[in-house]
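**Student:** All chains should be modelled from the sequences, with the hints used to inform the complete structure.
1 is the number of the first residue of the sequence shown in UniProt numbering; add one for each residue after it.
To be clear, the hints were calculated from the coordinates, so they are not data collected in a lab. Given the structure is predicted, the values throughout are model-derived calculations rather than measurements. Where is the CB? At the ideal position from N, CA and C, for every residue including glycine. Possibly wrong hints are sitting among the right ones.
Computed beta-carbon distance windows for the label pairs [claimed, not checked]:
#1 Tyr-83 <-> Leu-59: 28 to 36 Å
#2 Val-21 <-> Asn-86: 31 to 39 Å
#3 His-60 <-> Asn-86: 17 to 25 Å
#4 Asn-86 <-> Thr-58: 19 to 27 Å
#5 Asn-85 <-> Asp-36: 18 to 26 Å
#6 Met-75 <-> Tyr-16: 19 to 27 Å
#7 Glu-55 <-> Leu-31: 27 to 35 Å
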Amino acid sequence: MENRENMVSFIEVEKYQEMLVLCKSKAEEFLILGYDNITPEEVWDCVISAYKGEERPTLHRLVNDILSLKISKYMNYVMINMYKNNGVI
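**Tutor:** Rendered as structure tokens:
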């Protein structure tokens, strides 16, 4: 959640809203694959977690990273966060 707030300040709010539309599309794709509890915000958190310590990513890189996100990468992100948070997702 704090990643989301940091990233919103990182990019313009308007662009953040556009990115959430892409994240919603990705969450819907995961729904078709049988993963029905993934929200657009969780997709966003997964994507921006890759930018820790980096400078502001370009818009085309954000779009590419959202649209090319694979379920395996998302599940790895969830598992790592679960371990970091002592079992709390």
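**Student:** Taking the hints in turn, state whether each one holds.
**Tutor:** Each hint tested on the structure:
1. Tyr-83 <-> Leu-59: 28 to 36 Å: holds (32 Å)
2. Val-21 <-> Asn-86: 31 to 39 Å: About 33 Å separates the Cβ atoms of Val-21 and Asn-86, which means 31 to 39 Å holds.
3. His-60 <-> Asn-86: 17 to 25 Å: violated (37 Å)
4. Asn-86 <-> Thr-58: 19 to 27 Å: Because 35 Å falls outside the window, the suggested range is violated.
5. Asn-85 <-> Asp-36: 18 to 26 Å: Distance hint for Asn-85, Asp-36 holds at roughly 22 Å.
6. Met-75 <-> Tyr-16: 19 to 27 Å: Because 24 Å falls inside the window, the suggested range holds.
7. Glu-55 <-> Leu-31: 27 to 35 Å: Holds: the Cβ-Cβ distance is about 33 Å, inside 27 to 35 Å.
Violation of the numbered hints given earlier is confined to hints 3, 4; the remaining hints are satisfied by the structure.
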